[in-house]
Amino acid sequence: MNVNKKPLYTSRDLYNRGFEESAPGSFPFRRGPYKTMYTQRPWTIRQYAGFSTADETNAFYRKALNAGQKGLSVAFDLATHRGYDSDHPRVEGDVGKSGVAIDTVEDMIRLFDGIPLDEVSVSMTMNGAVLPVMACFIVAAEEQGVSQEQLAGTIQNDILKEFMVRNTYIYPPAPSMTIVSDIMAFTHRKMPRFNSISVSGYHMQEAGATPLQELAFTIADGLAYLDAARAAGLHVDDVAPRVSFFFAIGMDFLTEVAKLRAARELWATLVRERFNPENEKSLLLRMHCQTSGWSLTAQDPLNNVVRTTIEALAGVFGGTQSLHTNSYDEALSLPTDAAARIARNTQLILQNETGLCQFIDPFAGSYAIESLTADMVSEALEIIREVDALGGMVRAIEQGMPQRRIQESAASRQAVIDSGDEVIVGMNTYRSDDAPELDVFDVDNKKVLVQQKKKLERIRSQRDPEAVRRGLDAVMEVARGDHPAGSLLETMVDVARARATLGEMSVALEDIWGRHRAGQSTVTGAYRKSYQNKTEFMELVGEVEAFAHREGRRPRMLVVKLGQDGHDRGARIVAAAFADIGFDVDLGPLFLTPAEAARQAMENDVHVVGVSTLAGAHKTLIPALIEELKKEGAGDIAVVAGGVIPEKDSEWLKNNGVLEIFGPGAGILSAARSVLQCIAVRGTGETDR
Amino acid sequence: MSKNKAEEKKRSKQSGLDEGGSRNSGEKEERFHAWADAIRSGNRRDLARAITLVESTRPDDLEYAQQLLELLLPYTGGADRIGVSGVPGVGKSTFIDTLGKELIADGRKVAVLTVDPSSPLSGGSILGDKTRMVEFSCMEEAFIRPSPAGKTLGGVARKTREAMLMCESAGYDVVIIETVGTGQAEWQVSSMVDLFAVLMMSNAGDSLQGIKRGILEMADIILVNKADGNLKEAAELTANEYRNAMKLMDNGDCATAVHTCSALDPESVRLCWRHFTGALSQRKNDSRFENRRYAQLLQWIRSPAEDSLQQILQNSTSRSVLEDLADQVHNKKITPLHAGLVYRRNIVSEFADLDRHSKVPN
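Chains B and V supply the protein sequences, listed in that same order.
Numbering follows this note's numbering, with no gaps: position 264 of the first sequence is 264.
Numbering follows this note's numbering, with no gaps: position 296 of the second sequence is 296.
Rather than coming from a laboratory, the hints here were simulated on the basis of the structure.
Heads up, the beta-carbon is just placed ideally off N, CA and C, and yes, glycines get one too.
Among the hints, a few may not be true.
Per the computed footprint, the stretches of chain B lying under chain V, defined by three or more beta-carbons under 8 Å from a beta-carbon of chain V, are [to be verified]:
hint, stretch
1, 193-202
2, 613-626
Keeping only pairs whose Cα atoms sit at most 25 Å apart, straight-line, the calculated PhoX-like set for lysine-lysine is [claimed, not checked]:
hint, chain 1, residue 1, chain 2, residue 2
3, B, Lys-529, V, Lys-151
4, V, Lys-232, V, Lys-247
5, V, Lys-109, B, Lys-631
Selected chain V positions facing chain B (Cβ under 10 Å, derived; list incomplete) [as the list claims (entries may be wrong)]:
hint, residue
6, Gly-42
7, Arg-44
8, Thr-57
9, Pro-88
10, Asp-116
11, Ser-118
12, Ser-122
13, Gly-123
14, Ile-126
15, Phe-143
Construct the entire structure; sequences and hints are all you get.
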């Protein structure tokens with residue numbers, strides 16, 4: 001599912017595609033949204049960061065701004081994403097782990113302490129708990145003396161891709177779309193400098209989408225949001241100028257450059273065609289880009305500096321408005337200070353030492369780039385038409401079409417990497433034995449939890465409970481539709497001022513709308529197909545058959561994610577590929593507690609539980625799972641783990657009962673083989689009987 | 001201990017038998033009694049293992065499973081046995097989740113057995129998505145076990161029936177058997193439950209194509225789901241269409257009832273349950289309930305013979321014998337009756353061979 005590439009492009013290719021020259025800052029904006037691009041002002045260096053408490057993240061932000069960063073981009077922890085206060089029992093392992101913990105306005109005030117919010121633009125990656133987070137942000141600014149009109153930045157507010165790939169949703173799709181329009185309407189009235197949505201393809205590519213799929217589904221999402229705004233009574237010119245986009249940049253260099261150029265052309269063309277705006281700004285696609293985290297390897301991690309540089313360069317040639325460059329150690333953990341500095345410097349070097357900012361769209365006119373751009377446009381259009389035929393993106397997601405396509409791409413890609421047909425230097429080929437071992441960054445999750453709980457207690461005891469109750473009632477009235485013209489965000493701002501917690505605000509809506517649970521349909525067959533009966537694959541299949549014959553049943557594995565970590569690309573690929581190899585696989589629901597997972601493993605009587613962990617909570621949640629299994633009388637069930645687990649934690653986990661650890665880049669076939677060995681040779685585990 | 005020995009030990013442990021157990025029948029029997037007691041006292045882990053045992057394809061496990069079951073038989077038969085089927089996305093899990101929670105609130109214990117298709121290519125499977133049953137599946141009075149259908153259909157029927165008996169002996173007084181309505185396992189399931197419910201979506205045009213007609217013929221009750229919000233009216237219309245359709249294919253016993261349902265709404269699901277129990281108690285009043293269970297029993301007894309005969313008729317040996325005989329008849333060397341008798345003798349001897357190797361007790 002990608003555009004075809006040719007070894008040689010000539011002027012005929014342009015001619016055959018009806019190439020027409022255009023200027024930067026003019027329709028269809030292929031060459032850039034602005035006339036002058038980087039010649040007047042380079043792209044904004046905007047590094048996504050957040051961890052532990054607001055105080056610690058604040059210190060990190062201030063250092064980064066002093067070191068040349070221009071804008072902030074807040075990473076929230078998973079508890080916050082999913083609308084839980086830090087003291088909620090379901091989020092124990094997640095607080096402060098892969099982002100900063102925010103429970104109340106006080107946390108938000110500390111987060112931006114000493115950072116003038118009327119000068120520094122702030123981007124916030126928040127979708128599920130978008131209302132309380134926006135509300136706390138607005139009140140924090142207010143108490144800094146900065147009004148809503150002065151606030152500049154972006155709220156991600158892109159719920160469709162959450163249902164598709166990222167899984168940090170809270171409410172069912174229909175009310176979630178209401179929230180999106182509510183925020184669009186509020187920012188239109190009160191926050192003219194704020195981007196009300198960041199339509200994100202990034203997470204699609206990270207989940208396995210090809211650049212073409214990423215492009216098509218992202219543009220289709222954007223159109224769905226404009227549709228939703230129109231249905232909510234907003235004019236396209238009220239919202240479209242404040243819609244921004246967010247793309248991933250992978251290693252397929254020329255394709256990525258072409259993708260970004262194609263995105264602008266597609267958006268301008270389709271918005272004009274379908275919404276007929278009066279304001280030309282409604283046609284401009286402005287974007288943020290981030291280098292691909294998935295493309296980074298845990299093996300020989302300094303190679304990642306090179307990968308990130310190349311990807312950053314593609315973003316620059318593609319004409320991005322702001323950029324995040326990943327740190328070289330992000331396949332292992334959150335970045336260390338040293339790694340974060342190199343990442344930031346990568347952009348500073350590109351801006352200051354290469355002279356690239358003297359040119360506007362320097363790739364224009366290249367036979368290859370212009371042809372690829374045109375192909376991207378036309379092939380993405382075909383996918384968008386398929387989506388249209390299903391009734392638009394909301395319906396397509398409900399029917400699982402984009403999810404299936406992305407899962408298929410992910411499984412096929414995994415197969416070509418596992419088989420070595422696609423070379424990843426230092427990982428599946430040219431491996432080095434003397435790659436240096438790195439320091440990794442670790443958040444002391446228990447310490448953060450204690451601090452957050454203390455702060456929550458204090459705030460709950462000092463506030464006016466009556467005001468909080470009234471405020472939450474007002475939120476619920478609007479959510480129930482009692483006030484047709486009411487604004488959810490406005491009532492949220494009021495109740496945030498009264499110091500309601502993020503969890504309370506989320507629960508108020510959950511009481512009315514419920515909490516969404518997505519089904520786990522998984523595409524099988526793609527992995528097997530890509531392997532084409534190769535010997536190494538068929539040998540393993542034979543071993544599985546032999547196991548089944550010997551044991552009277554197939555090896556059975558529960559693949560599970562624990563806590564609030566919804567990054568399920570790995571879990572899905574493992575589930576699908578293992579089923580393709582001949583395992584019976586139970587794919588656990590997302591967001592289970594260790595006790596819930598243990599119960600399921602025990603009742604289904606699996607041989608082994610495979611935990612996929614990417615958000616750093618493994619040291620809390622996996623030992624808890626093993627403990628719960630023992631409590632259920634199922635201590636004989638093996639536990640293995642995979643995902644982002646630093647070397648030192650691997651040792652620790654193995655000492656605490658985990659049989660095997662599969663780090664990033666572990667091949668599926670070898671993982672399956674060693675799981676099979678684990679359960680075949682496993683001694684007589686003591687049980688309750 | 002050699003690797004094989006270790007595996008053997010581990011295996012026999014799984015089946016609740018010690019290594020020496022098979023040599024010392026007294027000790028083995030004791031272990032079975034302990035296992036059966038544990039199941040009856042509600043030990044979930046032991047029930048889970050027992051179901052693994054009935055699912056096993058090993059001949060010795062088949063024997064063990066029968067022994068264990070025979071200890072439990074006196075405590076079986078008391079549950080309401082309900083089949084629930086429907087195409088993916090129709091809301092089966094949501095329905096079972098709501099129903100399960102309501103039944104537990106009424107003091108019942110609910111077991112759910114789901115049968116998931118295995119891939120014909122790899123033999124593997126992706127099993128029972130409990131996503132929409134998280135809360136229910138963690139309740140003390142619930143037990144949920146998804147199982148792979150495996151490659152042979154006859155197997156599903158036996159395994160599911162036996163798992164159902166295991167659950168009954170463990171005190172579950174409602175057993176729900178869920179299948180994906182693709183027509184494969186439904187016939188098997190409908191022949192082991194007291195009441196077979198099929199969930200349908202409103203907007204009949206689509207769903208009539210989605211689900212095999214044959215499944216509707218098996219249904220005792222059709223529920224048109226998602227009758228909530230602005231779909232309520234559409235669901236009513238759809239239900240009417242089904243009522244008309246079902247009149248045309250009356251199954252003799254009694255006309256299939258059709259109702260609308262909102263799986264998200266506990267009240268609506270409660271009403272469905274009342275429809276279920278209403279139908280069941282009606283049948284219990286006359287002899288239909290007993291007759292159905294008796295017929296199922298006969299079917300259960302007949303099926304090993306029938307399944308084996310089917311397998312023999314379809315295996316390559318009997319096919320090549322048939323082709324060979326056909327050649328001879330075609331070339332006018334022997335009469336068709338002569339060939340038929342040879343063919344029969346061949347099959348009878350294969351059938352007898354099968355029995356000689358069977359490990360099931362006399």
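Against the structure, the hints come out as follows:
no.: 1; hint: 193-202; in the structure: violated (count 0)
no.: 2; hint: 613-626; in the structure: violated (count 0)
no.: 3; hint: Lys-529/B / Lys-151/V; in the structure: holds, 20 Å
no.: 4; hint: Lys-232/V / Lys-247/V; in the structure: holds, 23 Å
no.: 5; hint: Lys-109/V / Lys-631/B; in the structure: holds, 22 Å
no.: 6; hint: Gly-42; in the structure: violated, 12 Å
no.: 7; hint: Arg-44; in the structure: holds, 6 Å
no.: 8; hint: Thr-57; in the structure: holds, 5 Å
no.: 9; hint: Pro-88; in the structure: holds, 7 Å
no.: 10; hint: Asp-116; in the structure: holds, 9 Å
no.: 11; hint: Ser-118; in the structure: holds, 8 Å
no.: 12; hint: Ser-122; in the structure: holds, 5 Å
no.: 13; hint: Gly-123; in the structure: holds, 5 Å
no.: 14; hint: Ile-126; in the structure: holds, 5 Å
no.: 15; hint: Phe-143; in the structure: holds, 6 Å
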